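Asker: From first to last, the protein sequence lines are chains F and S.
Residues in the first sequence are numbered from 1355 upward in steps of one, following our numbering.
Residues in the second sequence are numbered from 10 upward in steps of one, following our numbering.
Everything labelled a hint here was simulated from the structure, so no lab data went into it.
Treat the hints with care, since some could be wrong.
Example chain S residues on the side facing chain F (calculated, C-beta under 7 Å, incomplete) [stated by the list, open to error]: (1) G105; (2) E257; (3) A357.
Predicted, not measured: the structure shown is a model, and the values here were computed from it.
Quick reminder that beta carbons are idealized off the backbone N, C-alpha and C, glycines included.
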Amino acid sequence: MSDTSQAETVLTTQDGVPLKVSIARALRRQKIRALLLVAPLFLFILLSFVAPIADMLFRSVENDLVPSTLPKTVVALQVWDQHSGTLPPEEVFAALAADFKVATKEKTHTRVGSRLNYEKPGISSLFRKTGRRVGKFEDGNYTEQFLKADKKWGDVEVWQVIKRFSSPFTAGYFLAATDAERTEDGIQFKPDDERIYLFLFGRTMILSITITASCILLGYPIAFLLSSLPLRSSNMLMILVLLPFWTSLLVRTSAWKVLLQQQGVINDTLVWLGIVGDDSRLALINNQTGTIIAMTHILLPFMILPLFSVMKTISPTYMRAAKSMGASDWYSFWRVYFPQTIPGIGAGSILVFILSIGYYITPELVGGTSGIFISNRIAYHISYSLNWGLAAALGVILLAMVMVLYWMYDRIVGIDNVKLG
Amino acid sequence: MKLRSLLIAATALTMVSSVAMTADMTIVSWGGAYSDSQNNAYHKPYMAENPDVNIINDESSAEAVAKLRAMNEAGNVTWDVVDVVASDAIRLCDEGLAEVIDPDTDLAPAPDGTSAADDFGDLLVSECYIPQIVYSTTFGYRTDKVGDTPPTDICAVFDTETYPGKRALEKRPINNMEWALLCDGVAKDDIYDVLSTPAGVDQALAKLETIKDDVVWWSSGSETPQLLADGEVVMGSTYNGRLFSLIEEAKQPVAMLWDAQVFDLDGWIIPTGLSPERLAAAKKYIKFATDTQRLADQAKYISYGPARKSSAPLVGKHAELGIDMAPHMPTDPKNATNTFLYNYEWWADNRDDLDAKFQAWLAKN
Chain F
1355 MSDTSQAETV
1365 LTTQDGVPLK
1375 VSIARALRRQ
1385 KIRALLLVAP
1395 LFLFILLSFV
1405 APIADMLFRS
1415 VENDLVPSTL
1425 PKTVVALQVW
1435 DQHSGTLPPE
1445 EVFAALAADF
1455 KVATKEKTHT
1465 RVGSRLNYEK
1475 PGISSLFRKT
1485 GRRVGKFEDG
1495 NYTEQFLKAD
1505 KKWGDVEVWQ
1515 VIKRFSSPFT
1525 AGYFLAATDA
1535 ERTEDGIQFK
1545 PDDERIYLFL
1555 FGRTMILSIT
1565 ITASCILLGY
1575 PIAFLLSSLP
1585 LRSSNMLMIL
1595 VLLPFWTSLL
1605 VRTSAWKVLL
1615 QQQGVINDTL
1625 VWLGIVGDDS
1635 RLALINNQTG
1645 TIIAMTHILL
1655 PFMILPLFSV
1665 MKTISPTYMR
1675 AAKSMGASDW
1685 YSFWRVYFPQ
1695 TIPGIGAGSI
1705 LVFILSIGYY
1715 ITPELVGGTS
1725 GIFISNRIAY
1735 HISYSLNWGL
1745 AAALGVILLA
1755 MVMVLYWMYD
1765 RIVGIDNVKL
1775 G
Chain S
10 MKLRSLLIAA
20 TALTMVSSVA
30 MTADMTIVSW
40 GGAYSDSQNN
50 AYHKPYMAEN
60 PDVNIINDES
70 SAEAVAKLRA
80 MNEAGNVTWD
90 VVDVVASDAI
100 RLCDEGLAEV
110 IDPDTDLAPA
120 PDGTSAADDF
130 GDLLVSECYI
140 PQIVYSTTFG
150 YRTDKVGDTP
160 PTDICAVFDT
170 ETYPGKRALE
180 KRPINNMEWA
190 LLCDGVAKDD
200 IYDVLSTPAG
210 VDQALAKLET
220 IKDDVVWWSS
230 GSETPQLLAD
240 GEVVMGSTYN
250 GRLFSLIEEA
260 KQPVAMLWDA
270 QVFDLDGWII
280 PTGLSPERLA
290 AAKKYIKFAT
300 DTQRLADQAK
310 YISYGPARKS
320 SAPLVGKHAE
330 LGIDMAPHMP
340 TDPKNATNTF
350 LYNYEWWADN
360 RDDLDAKFQA
370 WLAKN
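So here's chain S without its partners, still in its complex pose (with noise of 0.2 Å):
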């Protein structure tokens, strides 16, 4: 009995000795459908070709950056990589809360010997960041509820004369106020100038008015696929992601309005702090999963196009529903033929004074 005993205390010191070995990595995402094909195209194989690797993954990022600096603050960083947008990537750089990169040394350069550094070009907007995708958020519209004339131009989120009902935009003013210039008539390349003067926020609110009894405000990306789907709304803006999972997974009367999308970047930070051994680890994980193949994997997954050049050859085709992924990425030439690329240096200067002005506006009735 004893012995019995003893042994089965060995078997279970030795496992719990086995699985110490290997060494947790948790990787912080957005959850849902993005974090599945970020499972399946990088961790997947990273764990198979790492096996001492176990990754657990966490859904914090809309929260990355508090939650970053509380750790930090706190001295207890427990998270290893984080997936954060572009404008949170340049504030946990400018805090110091996440590590510089080298291009040179810390990617994978494209197949073709080209440096990661050109290969990424210029989508490297922070020297912490590295970019995956590119996304962009961009207008879905009811198909059964616009008529005989859908719409293809921006400004029919302001026509509510031509399309009644509802419409879905997030509670910020990050692109509704570009939005509401490029309607009013403000040339394209005169937005920022514009939005920089007192007069011309106002002449964005002012705009944004006209609709103002008619638009449900967001403030999570799953909302606007929900009132779509239920008929509360005929438009509204979202990410491309969730718009083409609703229209091609659950075969919703949805349709795309591309015109003005504003293209923004998700990628990888690694935030400081970190012990010498997990820093290595971090950045061994960051070289394999943002290399070419495996960015344009994450294309088969998720309609959201790699952010490096040598990538966009090489995605394919959906890897369940079959069908051709790139007619449905952003950055596809029919797509993208009017775009933005989210102001990033402007926005930090300003979004905290414009949001105060956008809530007060949108407090008052």
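If we strip away everything but chain F, and leave its shape as in the complex, we get (with noise of 0.2 Å):
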């Protein structure tokens, strides 16, 4: 009751100013003052990290090379009705003659070929060969020369693609990414034999996953015997926990080829001892067993640090408590410590599963086929293949993905529960 009663008398400072104003005043120069120091890291991140990325995901619609190219084509291409099944018309002959000869000039009308060859096979060449013969085309009847500067100019097909990919931007990365295609009947899947994309996001989340519990199932009893053992000998044991990040990662993985292939240590070892035969000898690499083996071993600090440091915080006491009340040794881990070490897990679990999800110089060298993950497929476009695009639009689809999984955890198990110390 007594509030009401003061808030009707304002409270000023000496020189009259109501204090509320005055506190906030001082508290918006302290605020100014704070971000003034944090601008250089912000626009440091903000250039040299969120634009990039920015840009490379809008790639993933980005479609302006054929309009940009091919521009009188397009326009005189929109009167064409695509499902008649007939050519064009003379004048959009016309028009791409008259586009092919400035683009020639300047060499982007190989780009637009390699662009949409993406969609069919055999336009890259025929733009490449057609963009030799051009500059010597003769004004007038441009069907009949096309035609004769190869026959592919025939094919509807070609002429549908151009119309289809006339537009400065494309969903057809994100198809091409989810294993559809858009053809003249709309959105399908592609053939049985042409689909990879969400078989290897599936195999990407199901590994990942697989990954993340090994390194649970490892790295808890390491953790815990860190954290009990006394300091002196606990700094040693850490020392071997973090001795494989001073080691070059090709050079681990290397060590697993070693290790694990058929003529390897492993197996050498095994049918010496007589345990499995010469002619037997265990697949254990260039396959998901020896991913799943070499990145738990990558990954496995990740998981041991956050919970060392969660359970170094853990007083004893709360376990000697529970045991002189009558708890059984497991009744009091189980009912008492584990509970406390969840949030150890929680922040390990991301770390590793989020780490693991974007891999892909591990699986590259140990998962022969099997053991692949999405991003070798976008190493690959990115690197060889140069559908940058694709590569791009499948990158967002993995963001997607771990943001959806980053927010199911937010309310199973709920973000402040994470404690990295």
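Dock chain one against chain two, each of which comes alone in its own frame, and use the hints as you go.
Answerer: Structure follows, in structure tokens:
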């Protein structure tokens, strides 16, 4: 009740400004100062990290190349009915000839050719070949001249592809990234023998979950041991945990090759011990097993470290108290100790899972064909096939998947329940 | 004291300015024995002749196309000359990332006066490309694991009964599809016609399916030699130069199966977007490094055939091993009884499509 009576008399500072306003002013100054201090880092991240990623993601829908290289053709094609089954009229061929003459000078026609070749094989060489001929074209009768340069211009499908990809934005990359394509009958899944991405997304998920689970299984006892040993010996053990961090990733992965291959150390030992026959050596590498083993090893420290720092803060008196009240070893561990380590498991799992979902070099080296991830295909499209649009679309989907999982995790476990120490 | 530090500063300045006088030239290649051979045959003599040029080696050729595209978009091309395979050169030329080369003015004629265009002949597969060497993708096999009947025929790869054990094949459709069809009874001249149809692709994959469980798929050319040396595989495909060093330098029990080897080219491109001075310097280097003698010199260090006809008679002995190099060349008549030439045009059109099918096939067990 005393609150209401106080609120009626407005508190002022000595110079008569209401206290609230004065405090707000002081706080604002502080906030601006804090923002100014953060600004350099913020700008740095914005320019060197957020902007390039946004640019890369934008490529997944960008299709400016076709309308900017073939502007007249794109306009002329608007009147053509792509379902008619007949070739476009002469005006379209004339427009194409004009566009081609400009494009060959700037050498952009072959770029359009490679772009459209993703949609229909053969367009790449069609554009390259036509580019060599188009300089000798005479005025008039363009349809005939194009057909003479290459008979593929008589294929209605080529024209359908050009028309379909004539707008500056496209959903084509996202369709391709989900194993779909737009045909004349609407959007459809690709034939069975060409589907790969959804399958790989699924495998990436399953393998990442498996790797995270095996990291928990292996890391938990080690973290427990580390946190319960006296400082001197736990420091020694900690060095062993951290040692792999100081070795090159490629060296570690190659070491796994030496160990796991069929003529390798593990198989040799097993054969020598008589556990497996010489003709039935275990296939431990170039498959999923190889990926799981090598990645579990590489990511294990990311599980142990958060677990360790959480366990370190758990006071041993809780366990003693539980036991003194008659709880068995297992019961006191399961009901008293384990629940307190869940924030550590959560933090470790998020780290390991998110790192493994985007891992690429280790699966590439030890995964063979059954142990590769979606990131390997992204890398392939960036470095080798140069289909950056498709790579960007795959990247967007992967990013969205991680966000959804993170959101689910937040709903189920609660993100404030994650502790790194 | 003051005078002394002034003197030191002055000396340092003159040294800096004299260093700045030599122009750096970044040459990108594949690394390993291949870069060494280029270093010995091209870079060292060039720098001896042109003391103002300092050549810096970069080993990024495997990702050259993607990196050049990124550099070009960023507007800061840091490479001067780039070594790429022919299919990449065609793509770079298509994308406008490589300079067009005029063989008459940019390349040296043969010693007998034959023009460079005629000397290289059909090997000038793109107007942006100057080939250096002809290499081949072919098979090597373990001599101690094939019994008394060493394979002489490419189809031994598909014959797991006579030659049990794993095989190493490259993790991409190129070459594998051709070999599969060849061993499935398709005539050599019809292979690309057959492969252009969906049924032909299925046929090739079905043939590969018969050995799928016995294949180790490689993505880097160094893997097969290692797998052969470890005894992980009985036979495997790789570049012939890698097998040469495995057999002749590392003395492993491995022999070459030259049958149905696929010829491919490796050579130079000059990136677009260089300043006029750098472009002129790059062209000067190219003219030197692709003349008849230089191409023949490279064959002293690695068993790849020079791309100029006029270089072939000049190929001599290996610089260190002292063995005759001619019999180890993929182009040697004895080795080249049954050969393919990488079909650039066809694969440029179909590689994305076939690769999708091939990878989908690979991923499913």
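Asker: Take the hints in turn and mark each one as holding or not.
Answerer: Here is what the structure says about each hint:
1. G105: holds, 4 Å
2. E257: This hint is violated: S:E257 lies away from chain F, its Cβ roughly 23 Å from the closest one there, beyond 7 Å.
3. A357: Check passed: Cβ of S:A357 comes within 5 Å of chain F, closer than 7 Å.
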